[in-house]
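First to last, the sequence lines map onto chains A and B. Each number in this note's numbering comes from the position in the first sequence (counting from 1) with 126 added on. Each number in this note's numbering comes from the position in the second sequence (counting from 1) with 106 added on.
In case anyone wonders, no lab produced these hints; they're calculated from the structure. Where a beta carbon is used, it is the ideal one built from N, C-alpha and C, also for glycine. Fair warning: there could be bad hints in the mix.
The list that follows gives simulated cross-link-like pairs (lysine-lysine, DSS-like), each with its CA atoms no further than 25 Å apart [stated by the list, open to error]: (1) A:Lys311 to A:Lys351; (2) A:Lys201 to A:Lys133; (3) A:Lys234 to A:Lys201; (4) B:Lys233 to A:Lys144; (5) A:Lys144 to B:Lys234; (6) A:Lys243 to A:Lys218.
Per the computed footprint, the stretches of chain A lying under chain B, defined by three or more beta-carbons under 8 Å from a beta-carbon of chain B, are [what the hints assert, rightly or not]: (7) 200 to 208; (8) 226 to 235.
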Amino acid sequence: MAYVQLKNLEKVYNNTNKVVHGLSLDIKDGEFMVFVGPSGCAKSTTLRMIAGLEEITAGDIIIGDQRVNDLSPSKRQIAMVFQNYALYPHMKVRGNLSFGLRIAGRPKAEIAAAVDKVAAILEIEPLLDRLPKQLSGGQAQRVALGRALIKNPGVFLFDEPLSNLDAKLRASMRVRITDLHRQLKAEGNSPTVVYVTHDQTEAMTMGDRICVMQAGRIMQVATPKELYNAPANLFVAGFIGTPEMNLVEGAMEGGDFVVGSQRLAMGSDLSGRLSSQPADAVLGIRPQQFSLVAHGPALEAKLVHAEFMGHEVYMHADCEGRRLVSVVGAAEFEARGQSDVIRLRPDPKTLHVFDKSDGRNVSLHGGSIAA
Amino acid sequence: MTDISLAKTSARTLDEAAAAKRARMHLISSVVRYALLFGVGFLMLYPLIWLVGASFKTNSEIFSGAGFLPQSPTVEGYVQGWQTSTPYTFGRFFWNSFLIILPKVIGTAISCTMVAYAFARFEFPFKKILFGSVIAVLLLPNVVTRIPQYILFRDLGWLDSFLPLWVPSALAGDAFFVFMLVQFLRSLPTDMEEAARVDGANSLQTLVFIVVPMLGPALVSVCLFQFMWTMNDFLGPLIYISSVDKYPVSLALKLSIDTTEAFEWNRILAMSVLTITPALVVFFAAQRYFIEGISAGGRKG
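Could you put the whole structure together from the sequences, leaning on the hints where they help?
Dropping the structure here:
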């Protein structure tokens, strides 16, 4: 129904402050695309440009075969859910839901039917005659969602919609929104969703694809799985995953990774994947992909601190002056013995090597990475 | 053992004594504070109370003492004052005031809202210079523009009509109100207006359906100030109105002083009471909106 295409999109404030640097991105029809990145990475600005609330300095935005650069927000087949809900404070829920239709001059019966339908989908029928100030955060969020839904738009734009809710409500709203998207798809509407968040859990659980942004540039666009298993660069590697990926600086020497006085044999699996052998390299290891071993190739480290999380333990260790975080099963942790010195062996299948000079992942060659 | 219990008892009595003392001090300080507030408040209000009391006195009684309770209350002042010494009753002057105030207040509310909305929400050429000149007008003493204004209105043929009194204000001529509304608008979040734009409302619809309801409390203040200032305005009508049949109440009050040789003070006071009544009624009726609601703007999560 409505794909979204960004072509070399740029945004400059006050002629000097460039915040968006030539974004190009294709969002497919019916796709759930998540923009994620740290605050100030211009993800909200990009969304607002798609919405038409922010002027475009250069480049094009195309929504469903139509260049929309100069169209007003209401003519772009979009609906938006704002971070602060932006409900009209003086109108009842019913008035909030129907405002767009009333402005468009639709017949009363049609408006009433549309309100009832949306209220039923979002289970807000009992709230229709309340004012926004009489709603809880979660209810207000559902009304805001309803206001977008009632327009039956081609593209839904979400601007950090869950960041004002508490953790529990956030988790349930997350499921509700993805369910709703699936339901609309099943009904044959297939609305495209562009969802902005700074929360990587939301990004990973909700998105069909994720666009990771930093400082106005796209770092990587990929499915959640690909993003986790094959980060294209250091930024994505460090941003996605909890606890964060260990990024150990060292050097590649003859197929081995050298860190301080230690030398870690890489094995044929990794060396086969390398597209180059950077002298200054960064080794990326997910905390979950360490195992405690007594012998064999491993990094030797001194245990500094252990956080007991129930079924697993987060171990903070010092390896040649660098902090290593590893996650091991509680039983494995208990069985390690009394010594402070631990030997951590990374799983060679999931290791990543980054070129320190440009941050690129050089270990994606051949595509043999474990998915 | 006994020592300890004794010590405990004395400690308790000490505590109780201290508590009782605190309660007594609290009572005394409350009494003193309220007495003081009441006394000063009464002192401030006394002229007003005296005015109301004196309007029911006979002419000879007014100057016989400073007390405010009339010895033999009479409404003679009201009856005769209402008739005035002109062919018109005081009702006519109230009607004139109303004819000035109504278009002025409505015009001010509409025009100032539109101008303030433009300054607060849109970018347009020379915006800074224009807003700077609004502030400059705010700082300009009224007296400076009196003569040029008079000449302008004379050339327009507007003398001895109500037009010079309300037209400038109805075209956002009161910089103070524009400034006040701009400041209020700047403090309102823009989310709701953006949501309205996404919902398909144009700028005017956004203003009418979204911004104006949120501006409510500020608009009430604007109307209230404009009402009271116009009601009390003496100089404006004095300059522009010359026929008695067009006098507003502020001039009419002066009229009763001018035309009678021996001032009938009870009539003047009675009409003064009537003159301040609308302002008081409107103020107390609108007070709730005036104070409430400024915080009722945006909803936070």
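Assess, step by step, whether the Cα of lysine 311 (chain A) is no farther than 25 Å from the Cα of lysine 351 (chain A), and give holds or violated. At roughly 22 Å apart (the allowed maximum being 25 Å), lysine 351 (chain A) and lysine 311 (chain A) satisfy the hint.
Distance restraint between lysine 233 (chain B) and lysine 144 (chain A), which requires alpha-carbon spacing of 25 Å or less: Measuring from Cα to Cα gives roughly 24 Å; hence the hint holds.
Tell me if the straight-line CA distance from lysine 234 (chain A) to lysine 201 (chain A) falls inside 25 Å. holds (22 Å)
Are the Cα positions of lysine 243 (chain A) and lysine 218 (chain A) separated by 25 Å at most? holds (17 Å)
Are lysine 201 (chain A) and lysine 133 (chain A) close enough, with their CA atoms no more than 25 Å apart? Holds, because 20 Å separates the two Cα atoms, which is no more than 25 Å.
Run the distance test for lysine 144 (chain A) versus lysine 234 (chain B): straight-line Cα separation, threshold 25 Å. This hinted pair holds, its Cα atoms lying about 24 Å apart.
Counting residues of the segment 200 to 208 of chain A that have a beta-carbon nearer than 8 Å to any beta-carbon of chain B, does the count reach 3? holds (count 5)
Residue count check for the segment 226 to 235 of chain A against chain B: does it reach three with CB-CB under 8 Å? Result for this restraint: holds, n = 3.
The earlier numbered hints are all upheld by this structure, with none contradicted.
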